[in-house]
Structures are given as structure tokens and as C-alpha cells.
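If you read the sequences in order, they're chains A and B.
Residues 1 to 190 (this note's numbering) make up the first sequence, in order.
Residues 1001 to 1190 (this note's numbering) make up the second sequence, in order.
Think of the hints as simulated: they come from the structure by calculation, not from any bench.
Hints are not guaranteed to be accurate.
Claimed, not checked - Beta-carbon label-pair distances, calculated as ranges:
1. A:Arg180 / B:Arg1066: 38 to 44 Å
2. A:Lys5 / B:Gly1029: 25 to 31 Å
3. A:Asp57 / B:His1104: 25 to 31 Å
As the list claims (entries may be wrong) - Not close to chain B: a few residues of chain A, all C-beta gaps over 10 Å, as computed:
4. Leu9
5. Phe98
6. Arg174
7. Glu179
Small disclaimer: the values here were computed from a predicted structure and weren't measured.
Even glycine gets a Cβ: it sits at the ideal position worked out from N, Cα and C.
2 protein chains.
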Amino acid sequence: MDKQKVIPLSRAYSLLNPGVVVLVSVGDGLRDNLFAVTWNMPVESDPPMVAILSGKDHYSYPFIERTGEFGINILDASWVNSVYLSGTTSGHDMEDKFTHVGLHRCKAERIKAPLVEEAVASLECRVVRTMDFPESVLLVAEVVEAYACANHFAHGKWTFENDLKLLHHVSGPRFCVSERAIVVEDKEGA
Amino acid sequence: MDKQKVIPLSRAYSLLNPGVVVLVSVGDGLRDNLFAVTWNMPVESDPPMVAILSGKDHYSYPFIERTGEFGINILDASWVNSVYLSGTTSGHDMEDKFTHVGLHRCKAERIKAPLVEEAVASLECRVVRTMDFPESVLLVAEVVEAYACANHFAHGKWTFENDLKLLHHVSGPRFCVSERAIVVEDKEGA
């Protein structure tokens, strides 16, 4: 993660604005895991808070219950196979999901869960509120640290000038890619 | 909305999977309004439920409080100016937001709020739960009807074969566009 820089927390919500699929990483210092999450969004900007959905029967869910923490990792489109594999395999069935999907750990600053070395951006999160659903839990978490590659995220927003390809989930093995920006000319000065 | 078809409710969540910016429409039969929402996601697939964030001081919020209903409208990238203008102007300051942003109403089947004629997909939603934040409310709503253009959404998923350009919000006047799909070859049969 040497190409990455710490970004101001007040802009951390911007990392999730475009509706990207993310890898959520969990860990308790002894074991760890990661899983793909399509259903995520910011919910507050300052202090930055985000929401994700997690299935209760996920291998990873008890880690979040025990530690109250998780990492969010944004992978660009070149990692689509790893993202898909992270979402279609379970930590129940393997010793090491990171190795299985071809990704590497790096150490977080303020949470026990590892982050993903290959990510273009990562957020360290602490759960502050939950909403229960029959088979899943909506987890609202405060972002306590955030990082992004300086050549893809500058002045608090994603930039597409250096061939960034953000990854969005469509359905099953189908994803879509955003790789260009449109900037609206603001005639009303809003 | 003659090019659109009703889609099975069990696939309605797929409309929001790619993380698109949406226009939320509200109305009580007397007045109506619409506003742009970057922060939205599905939260359940069957019955389909979605979550959006709405500011409490929005002109539209009391409509949702009174009626318990709203529409979600997905506009493609050709409507980026209308989407931006919907998010940067307030219904407090004008008689008719639809006209101001260059969009047209069409009638919903099961809610009082109008839908947006130009949308590639629309969802009719009824609020079932809320989570309060200092300046906004997370609204969880059940999708009671859903429509999508048949040439862009088929077999329960978005297709990019007919030049679909989905719109995602980056920051302020900056948006990004997804216009091609990647399909992962599933070696594990997941």
C-alpha cells in the first residue's frame, strides 16, 4: 500500500459515492476473512459513516459481532476475478480466503482486521448501529481511517485521468465498469 | 413509459445493484417534487427492500413522512444535467421541479407520487422502517412495483448490448458512466 495516502476523514464518504462493489475484510488477530459486498453506501459525511449488509450465516459475520470492526476495500476492475471469487466462496470451506482469491493482507492502523494490499482505497470501520433483517444485518459503521491511491483519488474525489476502472456489480458473474467522468457545467453556480 | 415493462418483484433489487445515482419522486396528489439520491442500496431481495438517505430539511421529506411512499427513478447518462439540477435545486424555490429540470411525470400504479417518464427503470416504494441520524433519515422501503426498459433490462439483470450508459455520482458536478459489462468465467460453478 505504498502508493496510497491517508485521506481526510471528512472526504472518506466520497470513496463509496460511485456505488462500487467492495471487499469487506474481518479479523480478530487470530483468523481473518473477506467477502464481497454489493450492498453498501455512505450514510453520513462528517463524521463519515457507511452502511453495509452482511448475511447472518456468513463465516465473517461472527468476527464483526465480536470485534465490532471491519475493513472496506475497493478493488479496481483488473481484480474482478478475485472480487467474484470472494463473493462465491465461504471461509467455512478453506483455511485462507486471501490466498484462495489471490490477494494479500496489509495491516490496518486502528482495527484488528487486515486490509487488502491490492486495493485502490480502503476504509477502517467501527460498527455504531445495526438494523436487523430476517437473514441479514444492516451495519452502520463510523470510518476511523481511510486511504486511497494518490493517482486515482485527489482533492477528495475519484479522478479517471490515470486509467481508473471502477467496478460495479450487476448480477451473479456479471459486473460493469466505469472508466470515464462527466462533469456538468454548473450554470446556476450551485 | 411505453417502452417499459413490469418486472418480477423478486428481481427488483437488481435495478439498484450497480450503485447508480437515482431521482426520488414524491407527491401527495396535490403537489409533487423530485430530488437526486446518491446514497441508495438494496437491503433485501425477496420481498425486495431498498434503503435511501433523505435530508430532514429537504422540501420532499415531509411528503415521504405524510404518505409513507416514494418513487425511485433511474435515468441514463444522457440525462446527467437533469439529475444534477434535481440535486442542486430545492422545491422550496420553485413551483414545479419536473419542468425546471426538463423531465415529465407519469402515473404510478400503486403510489401517489409520480414517476419520471424518461427513466430507464422505476420502482414504487412504501416505507417500512427508518433509522434516524442528526440531519437525515435512512428510509427502508418495500418495492411494490417495478418497471424497466426491455432493451436494457432482461432476465432480471441490466444488459449493456443496446448502448446502456448507467450514471454514478462521484462528487459535486462530477459523475462517472458505466457502459460495458465484464462477465467472469465461473470455474467453480458457484
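Results for each hint:
| no. | hint | result |
| --- | --- | --- |
| 1 | A:Arg180 / B:Arg1066: 38 to 44 Å | holds, 41 Å |
| 2 | A:Lys5 / B:Gly1029: 25 to 31 Å | violated, 52 Å |
| 3 | A:Asp57 / B:His1104: 25 to 31 Å | violated, 45 Å |
| 4 | Leu9 | holds, 16 Å |
| 5 | Phe98 | holds, 17 Å |
| 6 | Arg174 | violated, 5 Å |
| 7 | Glu179 | violated, 8 Å |
Hint check: violations occur at hints 2, 3, 6 and 7; the rest are consistent with the structure.
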